[in-house]
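S.K.: Kindly produce the complete structure, drawing on both the sequences and the hints.
Chain by chain, the residues:
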Amino acid sequence: MIRALLRRWAVDPPLVTALLLLSAFGIAMIYSAGVLETPSPVTEGAWLRQVAWLGLALVGFTVASRIPARWYEWVAVPAYVFSTILLAATLVVGTGAGTAEGVESFIDLGFIRFQPVEIAKLATILVLARYLGSRAEEPTQLRRLVAPALLAGVPLGLVVLQPDLGSAQAFIGILFATLYWAGTPVWLLVLLASPGLGLILSFDTLLWSGYFVVLVVYLYINRYRLFLVESVALVLTNLAAGTVAQPLWNSLARYQQNRILVFLDPNVDPRGAGYQIIQSLVAIGSGGLAGKGFTLGTQKQLDFLPEQHTDFIFAVIGEEWGFLGTAVTILAFGFVLARLVKLSQDSADPFAGLVIFGIFGLWLVHIFVNIGMTVGLVPITGIPLPFLSYGGTFLLMSWLAAGLVVRLGHEEP
Amino acid sequence: MKATHPHRRRDRARGALVGLAVVLGLLLVQFFRVQVVRSSEYMLRSEENRLRQVPLPAPRGTIFDRNGHIIADNVPGYAVYVLPAPLDSIRHTLERLQPTLSLSDARVAFLMSRVQRHRPLLVDLDAPIEAVAFLQEHRGDFPGVYIEMQPKRRYHEGRAVSHVVGYLSEITAEELESERFQGYEPGQLVGRTGIERQYEELLQGRQGVRNLEVDASGRVVDQDFQGRVTNPAVPGEDLRLNLDLELQAWIDHIFPDSARGAVVALDPSDGGILALYSAPTYDPNDFVGGIDADTWAALNGDPRKPLLNRTVMGRYAPASTWKVATAGIALDLGVVTPEEHMPIPCTGGMWHNGLYRRCWKPEGHGSLDLAGAIAHSCNVYFYQLGLRIGLDNMLRRATDLGFNRECGVDLPQELPGRFPADRQFWVDVFGYEPLEGEVLSLALGQGPNDQTPLKMAQFYVALARDGSAPAPRLRAGGDPGHAWRLDLSRGAIEALREGLRQVTAPGGTAYYSTALEYWEVIGKTGTGQNPQDPDRPHAWFAGMAGPRGGEPEIVVVALVEFGESGSAAAAPLVAKAADFYLRRKHGIPVDTIQTLAEHIRAGRPAPWARERPTPGEEPGLRGRPTETRPARPVGGGR
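Which chain is which? The protein sequence lines are L and X, in order.
For the first sequence, the working numbering begins at 1 and goes up steadily by one.
For the second sequence, the working numbering begins at 1 and goes up steadily by one.
Worth flagging that the hints you see were computed from the coordinates, not collected in a lab.
Note that this is a predicted model, so its numbers are computed, not measured.
Be a bit skeptical, because a hint or two may be false.
As the list claims (entries may be wrong) - Here are the in silico distance ranges between beta carbons for each label pair:
1. Y275/L <-> P186/X: 24 to 30 Å
2. P186/X <-> V92/L: 52 to 58 Å
3. T140/L <-> L44/X: 51 to 57 Å
We put the beta carbon where it would ideally sit given N, CA and C, even for glycine.
M.R.: Structure, rendered in structure tokens:
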């Protein structure tokens with residue numbers, strides 16, 4: 001009886017069970033992150049607040065999983081417009097908070113502080129799904145990608161201005177995921193990404209020159225698959241990316257530059273920007289195969305780990321649970337993501353499939369970038385780990401997204 | 001085909017799963033590399049991360065005197081360190097410590113200049129207990145501050161023993177690079193002078209290392225990480241000296257406060273140093289924990305030179321105390337017998353090579369034997385004795401006796417005596433070939449002849465023994481080795497002692513100032529030319545004492561700068577020091593009224609005295625009218 005009720009509540013028991021386990025594990029690790037030699041008011045009791053937020057998030061999940069797909073389709077555009085306005089507003093009235101002190105991404109309503117960007121991520125998924133789902137044809141031409149790129153580009157631009165590079169990556173993930181699920185050929189996605197690639201490669205003139213030649217040759221060979229305007233636009237944007245790279249680099253804040261530099265070599269600045277990556281690596285590496293045991297991580301206890309209950313929660317997992325713990329956690333995320341792919345595949349409704357796959361893209365970026373930065377695979381950006389990191393708005397929005405997923409994935413058309 | 005066609009959806013899902021597998025695989029591979037393949041490297045790093053090594057100071061060896069009294073030991077002190085950190089945070093920490101440890105801005109700047117990358121910075125070697133309590137109480141507010149119990153030196157009777165024991169100070173950059181101080185570390189304390197310096201390696205012990213566990217902000221969370229003291233400290237060895245601490249303190253007590261000078265007491269049985277006192281003195285306890293700049297400047301700038309150890313670094317014209325050496329050399333060479341009288345009797349002077357050489361006593365001493373000549377310090381006798389010895393013999397034998405070398409005491413700062421080793425000396429120093437007549441001055445203890453009080457004491461030790469002189473030693477035990485010997489018969493030694501005895505016997509110049517109830521003091525006064533103030537010569541008294549009719553048991557030499565009169569200024573110091581030592585040695589209660597002069601001044605009867613003063617005569621000044629300044633330019637003092 002109760003099992004049946006739970007089954008009905010969860011809608012998709014395997015997925016929701018995995019997410020519940022991850023959330024519970026997250027609370028345990030947030031508790032552990034507060035076990036310090038010298039207790040800190042920031043981390044102490046954080047796990048209790050997270051428990052409260054999880055309760056709220058499960059309510060949110062329940063509600064979200066009971067709302068019909070068409071309502072979401074209907075609310076897509078207003079939500080997108082509203083959240084974009086909120087994002088713009090943070091630039092004016094935003095406040096920093098907690099561990100994201102430097103990024104003015106919060107809006108303080110007095111009784112509650114929340115990050116509009118988390119709403120904007122879901123709203124962008126909805127609006128892209130609605131736009132792409134309503135097209136009869138697969139977007140096989142570059143110009144058909146312009147509109148969706150702009151839809152994602154507006155919030156992306158706003159978060160870059162905050163500046164919040166982590167969320168910017170999330171919007172890119174959302175854009176490419178939805179485009180991919182809408183049937184955009186991979187080569188076209190590569191071309192779409194080419195200005196970004198050009199931007200990165202432009203730090204080495206020779207490398208960029210080679211890349212540019214390859215791009216031009218490729219465009220020439222495929223000259224019949226693309227409109228001339230498209231090819232010219234690609235060449236021009238790539239050229240532009242190459243030339244603005246330097247000014248853009250200079251416009252980055254010092255700490256952002258350092259984060260990229262230390263990604264290449266953490267020892268460039270071991271006391272400063274390299275500190276986080278070195279301490280994270282030391283914590284994870286010293287965990288070994290089996291870890292030091294729950295709450296027993298010494299790097300964590302002695303406060304060497306940065307942001308250990310939010311962005312670097314995975315380093316605590318690595319130190320206390322070892323490779324076994326990290327592998328199981330990564331595989332659990334893999335199960336969740338694979339489940340999302342399966343639900344997308346099963347959705348005959350294009351809107352539903354696109355929303356689920358958009359959330360897949362969002363979570364994949366969060367998971368890969370967050371976990372990857374703790375072991376030096378990607379540069380450090382302030383991006384939380386879904387269901388594990390401490391943070392109220394983010395946990396709530398993740399569970400809302402889960403509600404969306406199970407609703408859209410199981411709605412009979 | 002429509003994008004939503006099931007086949008298209010399946011293809012895309014497969015693509016997505018492949019992509020997902022690649023991404024997660026990348027993560028898993030990386031975690032495997034970090035957590036399994038390179039784990040040990042990171043484990044090591046995580047230990048290093050939280051371990052800070054601080055030196056664990058070894059307690060320095062205790063220094064005892066001959067009776068087991070402690071001269072220098074250790075008491076618990078607290079040293080304050082700042083653990084290695086970036087410069088900015090060290091500066092910040094120091095600034096926070098300023099009010100607690102009363103660090104001046106200059107001190108902070110100085111400390112900042114000494115920061116080393118991997119070493120804890122020693123901020124205060126000897127922090128006051130209130131400051132330590134405050135810092136412990138507010139530990140959280142002072143990250144990176146670490147307090148170590150550190151034994152600190154304490155000197156008992158510090159002012160009395162300062163010149164013997166020396167003091168400690170932080171090792172210098174030059175020393176760190178030197179051969180002697182290999183294995184020492186910056187911030188360590190080393191002996192700077194005295195015994196502390198001489199036996200540094202013995203007393204030092206070996207510094208240990210303590211592993212501290214710190215958190216990310218440098219707060220110490222574990223004093224002794226997992227019980228691991230990688231290198232326990234090895235305490236220094238104890239050291240026992242021949243010194244008699246109570247005698248040393250007594251000499252400090254009786255030495256006139258305003259006077260400068262030195263007192264040396266030796267045990268003639270083995271050359272052991274019973275006392276080695278230099279005035280003015282200082283308190284080595286002032287150096288514990290780092291001497292403050294004002295005190296240091298005052299000590300260094302004091303024209304009275306309190307840091308100078310006059311017993312081994314002060315060189316004074318030995319004057320008449322040297323006449324005994326001339327007599328000893330003459331007897332050793334066999335150019336005179338004790339009973340022999342010199343051909344020319346003293347009539348207040350004698351002619352030599354067309355120059356009239358004066359005696360200090362214008363009316364003359366008449367004809368004297370050796371003992372009489374010593375007792376009356378007769379210049380005319382010693383001129384003739386010098387001529388018999390001859391300049392070359394004089395130079396050779398004086399050199400044999402080490403008058404132009406150090407006597408080899410175990411102290412780091414000893415200066416050699418100054419005495420010509422050969423005729424070349426005059427050519428080098430004065431630019432002329434010496435005439436045979438130079439021996440006349442030398443025979444009186446004048447001319448190019450400056451000796452330390454310790455050197456003169458060593459010579460008198462030979463007279464208190466069989467003519468052989470061991471090297472004076474501070475450290476007890478071990479074979480002192482004989483530095484040299486005078487080939488003297490028992491009779492010759494007795495004759496020399498008889499001369500000394502007449503000085504202190506009734507009728508002698510030093511009778512009242514040296515006569516003691518239980519002991520016989522014999523000795524020689526001297527009035528050494530003082531280049532700084534010719535009207536106030538330095539006063540010497542070199543003597544020995546022991547039970548009446550027995551062998552001398554202590555040799556004491558006193559020198560009082562500007563003391564003018566050997567019998568009045570220096571002789572009482574010798575008698576009082578000897579009395580203090582011998583009474584305790586023989587179990588007789590110590591009395592502060594010691595010499596006959598003191599008894600008379602205090603109105604105490606002295607039935608043991610063999611000659612009473614005539615009523616009304618001031619005993620301490622008896623003989624004063626006959627005492628004159630050294631006759632210049634070629635006269636001799638007494």
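S.K.: Next, verify each hint and record whether it holds.
M.R.: Verification of the hints:
1. Y275/L <-> P186/X: 24 to 30 Å: 28 Å, holds
2. P186/X <-> V92/L: 52 to 58 Å: 56 Å, holds
3. T140/L <-> L44/X: 51 to 57 Å: Taking Cβ atoms as reference, T140/L and L44/X lie about 55 Å apart, which means the hint holds.
The structure is consistent with each of the numbered hints, conforming to all of them.
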